[in-house]
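Novice: Please model the entire structure based on the sequences and the hints provided.
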Amino acid sequence: MNLGMILEMFPIALMFGAPIVMAALGGLFSERSGVTNIALEGIMMIGAFAGASVTVVLEPITAMAPWLGLLTGVAAGMLFSLLHAFTSIHLKADQIISGTALNILAGGLTIYLCQILFHQQRTRAFSYGLRKVTVPLLSKIPIVGPMLFYEMYPTFYVAIALVVVTWFVVFKTPFGLRLRSCGEHPQAAASMGINVYSMRYAGVIASGALAGLAGATMVLTQDIQYTVTSIHGTGFIALASLVFGKWNPWGVLGAGMFFGFSQTLSYYAKDIKILASLPLEVFYALPYVLTIAALVVFAGKSVGPKANGEIYDQGKR
Amino acid sequence: MKYRTFFAVLLIAALAFTGCAKEEKAAPVAAKPAFKVGLVTDLGGIDDKSFNQGTWEGIIRFGEENGLVKGTDYKYLQSGAEADYVPNLSTFADEKLDLIVAPGFLFANAMGEVAEKYPQQKLMIIDDSSVQKPNVVCAVFAEHEGSYLVGVAAGLKAKADGKNVLGFIGGMQFPLIEKFQAGFEQGVKAVYPEAKILVDYAGDFGAPDKGQALAQKQFNAGAYIIFHAAGGTGNGMIKEAKERSEKGDVRWAIGVDKDQYTDGLYGDKSAVLTSMMKRVDVAAYEVAKMTMAGQFPGGQTLVFSLKNAGVGIPNENPNLSADIVSAVNDYAAKIASGALVVSEIPAK
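If you're matching them up, the sequences are chains A and B in order. What the first sequence shows, in my numbering, is residues 200 to 516, in sequence order. What the second sequence shows, in my numbering, is residues 3 to 350, in sequence order.
These are calculated hints, taken from the structure and not from any lab test. Check each hint, because a few of them may be wrong.
What the hints assert, rightly or not - Covered stretches of chain A (chain B as the covering partner; in silico rule of three or more C-beta atoms under 8 Å from a C-beta of chain B): (1) 206–215; (2) 324–336; (3) 420–428; (4) 464–473.
Unchecked claim - Distance condition first, Cα-Cα at most 20 Å in a straight line; then the derived SDA-like pairs of lysine to any residue: (5) B:K350 - A:K331; (6) A:K472 - B:S247; (7) B:K350 - A:L479.
C-beta atoms are modelled at their ideal positions from N, C-alpha and C, and glycine is treated no differently.
Specialist: Below you can see the structure in the form of structure tokens.
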């Protein structure tokens, strides 16, 4: 392992890391408001399907097609997450059951829509998706340039911006304070005149927007079309990042990048002397093994929102 | 409630009896005036630009040459789920078609089941040799021979352009895919012994993200041309080659199974140099012909190689110069005649 190899791994790791960070930020909004959102995976699928479809259709017309695809992914994610919000907030359904239902629904629904739109079990292949960019000037900086600014997907910068925005909104604004209070002790928040229902709706819809964006980002940077395996568990890795990152935007950024790197390491492992003697299968399993290891080591010390996953009952004290 | 139970029992009984009746009738009696052949597709559907479509094209060619009627004499059934394989094969078997074709090793289990249920039915499975039944013919391909040819093409192209690193990306590392690697390496070394070949296995046939990451790694390491034998995973590699070429950093991809030229299109150019084609259409056509002539090779495994045009590069190769194409054809002739033997196992 040398410096050149590490520099080379950066753009690949950040390509894998960006959607994980986005989806985990989505989870952060939802869980900070007190609603567990294990539907991140399903919402990502919906966002990916919407993003890929719009890109395929608009690509011959406009060069902005992938960006419009991302926006559609956001909108579709918000719409889909409303289902979770409605069942778990309004109907007081168990949030885990509701999220699981959404995850199952997403796979069937997207394939069904593909059949209607494209007459096959996946969307048609788009010819480009998002393209990598090289940032002028910054890419010339030694070491940092090739790591962060040379041939990078622009969605990585979007993810970084979202981390900053999320941190600001959740920790520096009155809205954020109200949101967090609903996740810690909704009855106390309500006693101060906060509408717990609408705060929780806002949290879940924000998570839908971010997970939808994450799904669209993933399909437009790492795939050539949406298929039922396009997301392959990234939503759950995002959930793990949320725990690992202790429900904090900066922690989430670090955790997301950690998972991106663990995946990239599996591609480079056979070129690294001390790792080369291990069988290939070890490296295929590496990202998942590291996920479990990270959770075991850090989960005990993680402090989540107190009322996360708890159905809001006005009469409870 | 009582009536419902009664009807349910009646229904089950009716179903069971129809099943029996059909099996009893399985022995053929009536003389067949025409020849009937059916294709059962896998989940990809008839227009998958791959195995299903290719096999269907072979059957269409056979049908047209013999004046058969499409839709009655030769037809297909699409499978919407893996659970449809056995029912679809059985439907055609009940219709007593003269030959039923299934493309792809995914059919192996269903094929074995149907072959036992309908011992008189002539069946064919493509790209699999595990079904050992007297009424099933297996068709497999000499992938190492076709891969040798694309290796020759890649080696000559790299040499002409002054590049000395090439790459191979496999789906999963097992003997079938290693045949591609072995053939490619031997082909490259035959014309360009100094070339270095990078080899990576993605561990997956359906993950374009992995293909893209491995392609970035190999291209960063200087690979000029990458050959993939990784199905959907390879699409990510082609995408990466396309994006780099479009930005002026010219890199090439070599496709697999079918002619992937159109997958690599950017503007009016393509990043796909050539493709290692498995001619499933040839396999389906040849077996249908043999069956019609009364020479159904049941229980055998047929190998489609360069000798019978079962593997090879596409007829049209806009990205290859005439010199390279003629060199490739020379090697193809040598392999077909047996003068040159390609090993199936990668040199270690």
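Novice: Run every hint past the structure and note whether it holds.
Specialist: So, going through the hints one by one against the coordinates:
Against chain B, the region 206–215 of chain A contributes 5 residues with a C-beta closer than 8 Å to a partner C-beta. That satisfies the three-residue criterion, and the hint holds. Counting residues of the region 324–336 of chain A whose beta carbon lies closer than 8 Å to any beta carbon of chain B gives 6, which reaches the threshold of three, so the coverage claim holds. Figure legend: the region 420–428 of chain A, annotated as covered by chain B; annotation consistent (5 residues with Cβ-Cβ distances under 8 Å, at least 3 required). Here's how the region 464–473 of chain A fares: 3 of its residues keep a CB closer than 8 Å to some CB of chain B, so the rule of at least three is met and the hint holds.
For the proposed pair K350 of chain B and K331 of chain A, the alpha carbon gap of about 37 Å is over 20 Å, so the pair is violated. With a CA separation close to 32 Å, the supplied pair K472 of chain A and S247 of chain B exceeds the 20 Å bound. With a C-alpha separation of about 16 Å, the suggested pairing of K350 of chain B with L479 of chain A holds against the 20 Å cut-off.
Checked against the numbered hints above, the structure breaks hints 5 and 6 and satisfies the rest.
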